[in-house]
Structures are given as structure tokens and as C-alpha cells.
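Asker: Please arrange chain Z on chain U, whose structure you already have, making use of the hints.
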Amino acid sequence: MSDPLIKRAREGSGDAFSRLVADHQQAVRAFVRRLCALPDDADDLAQEAFVTAWTNLHKLREGVAFKTFVCGIAYRKALNDRKRFNRSGARDTEWSGMQDQSRSSTVDARLTVQAALQTLPIDQRAAISLCVAGDYSHAEAADILGLPLGTIKSHILKGRARLNALLGVPDDQ
Amino acid sequence: MPFWVYPMTNDALKSMLTNDAPAAPPARDIGFVVEVMKRVELRRLYEGLAWLTLIFTTVTALLFITMPVITPALTGLGQAMWPLVIAIGIAGFSLVGFEQTRRVFNQLGWRF
Numbered sequence: 001m002s003d004p005l006i007k008r009a010r011e012g013s014g015d016a017f018s019r020l021v022a023d024h025q026q027a028v029r030a031f032v033r034r035l036c037a038l039p040d041d042a043d044d045l046a047q048e049a050f051v052t053a054w055t056n057l058h059k060l061r062e063g064v065a066f067k068t069f070v071c072g073i074a075y076r077k078a079l080n081d082r083k084r085f086n087r088s089g090a091r092d093t094e095w096s097g098m099q100d101q102s103r104s105s106t107v108d109a110r111l112t113v114q115a116a117l118q119t120l121p122i123d124q125r126a127a128i129s130l131c132v133a134g135d136y137s138h139a140e141a142a143d144i145l146g147l148p149l150g151t152i153k154s155h156i157l158k159g160r161a162r163l164n165a166l167l168g169v170p171d172d173q
Numbered sequence: 001m002p003f004w005v006y007p008m009t010n011d012a013l014k015s016m017l018t019n020d021a022p023a024a025p026p027a028r029d030i031g032f033v034v035e036v037m038k039r040v041e042l043r044r045l046y047e048g049l050a051w052l053t054l055i056f057t058t059v060t061a062l063l064f065i066t067m068p069v070i071t072p073a074l075t076g077l078g079q080a081m082w083p084l085v086i087a088i089g090i091a092g093f094s095l096v097g098f099e100q101t102r103r104v105f106n107q108l109g110w111r112f
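From first to last, the protein sequence lines stand for chains U and Z.
Using our numbering, the letters of the first sequence correspond one by one to residues 1 to 173.
Using our numbering, the letters of the second sequence correspond one by one to residues 1 to 112.
Next comes chain U alone, as it looks inside the complex (with noise of 0.2 Å):
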């Protein structure tokens, strides 16, 4: 492995995963709040998937971003999030009830964008925020989620023309 802080968290040092954590963080984070309806079960998941990332350290493949690893792993935790999610159906209202409230808001132009994101299936939803919001190539993204190529492609399509038509963005594509 080229990274030496990911040599030496692997080795079990402490001090390098808190780093690799503290540069890591933010694009997880980021990532993880769009797939998750609230901000605070986002970071419960985040700090989750760094956990399972540090049990699971020697899993890291020779060239796959320490990211790269992280937000896999939060990917699959969300998916089984959600499967959980849908087997109650105390919490499954509950989710209703709040995607009600944040589609009806026309004040806060932040809580469309998120409600907007939130009607799109998860994978749809993944594939936009690593390609679209974030930086990621499509590559990356099927590597990350675990999906062929073409499938990628097949959903930022129809997620981006889904949330154009939602939030009033013409689609010059």
C-alpha cells in the first residue's frame, strides 16, 4: 500500500486512522447526508462505515481510494438502513410524513434540493451525489456501489432528469 498513513493504520496505529479520518470526513459526510433523510442519521452511518472501515482495513485493495473504500461500505450500511426502514411501518410513516413536509416548503430552497433528492431510489440518489454533486468519475462510482458501468450511466440519466423536472432545471442534455 503507497499510503503510509494506511500502512500504518493498518498496522494498528490509532494516530494515523484519526488522520485519515479527519482528511476523509468530509466528502463521506457529504455523500452520506444526501443518501439519508436526516443530517443526524447520516452521521451516525458515517461514523459507522469509518468503524467497519478499521475493522476491515486489510480488505483495502492496492489502488482503491481510502474514500473510495469508506463510502462502499456506507453505501451497503444504508441500503440495509433502508431495508430496515421498510420493514417498519411505524418509521416508514413517519419517513412519509417528513418528505411530505420538506416537498411542501417553497421557502427554503436547500430543503427542495433535499426533498427533490430524497424521491429518487437509493441508487439513482447514490449514483447522482458521487457523479454529479461530487467529483467522482463513473468508474469510481460503480466501484462504490457495486453496480456495472452502463447501469451508472442508466441512472445518473434518469435521476438527473428526474430532478431537473423537479426543481424547474431545464435539461439541455
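Some hints could be false.
What the hints assert, rightly or not - One side only, chain U facing chain Z, incomplete, derived with CB under 10 Å:
1) Ala-30
2) Val-51
3) Gly-134
4) Leu-167
What the hints contain is simulated information worked out from the structure, not anything from laboratory work.
We put the CB at the ideal spot given by N, CA and C, even for glycine.
Answerer: Leaving out everything else, chain Z in the frame of chain U:
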């Protein structure tokens, strides 16, 4: 198109997403790092405790299985070794006594 309608493209979509306030965490957040490291240390502690419990249980189970077999053998070995222990004890006392006597005689000027 009226002048107040800004023609947004997909770059506008990108900027809307990147400027979205709740999705933008701070570049430096020591609280988040501390929280992650707290969870990591807690995980380490639990893993350590799990290993200790596993080792303790394994050793206890092994002793529980092997002690009924080992105890008579140890007792038999101990009884067989009694004459040797007594002989070593007598030899030790004799050597210490001889050494003390030699020192006293040396002080008196009598050399062995």
C-alpha cells in the same frame, strides 16, 4: 423568456447540489473524528474482552477435561520423588553447614 428567469443547465443542477447546506459538512470537524475514534476504541475493547473470555473458557474447559487424568499422575510422581527431595535437602544443609564452618575456621586462622 423574461430576464428574471435564469436559464439553468445541468451545471446549475450541480451547483444546486454542491451548495446544498445540509449536505455540506465542515472541512475540519474534530468532534466527528473524536466520536469515530471513541467507537473504534470501544470496538477494540469489546474485541479484547471477547478474546480474553474465549481464552479463559478454553483453558478452563481443557483443565476440566484433563485434570482428572493429570492429578493422579502428578500425585504419583510427587510420591516417587520424595526420597530425592530428602536427599537434596540433606545435601543442601550439609553444604551450607560446611561453608559456614569453613568461614569461621578461616577467621580463626585455620585453613582447609
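Asker: List in ascending order the numbers of the hints, as given earlier, that are violated by the structure.
Answerer: No hint contradicted; all consistent.
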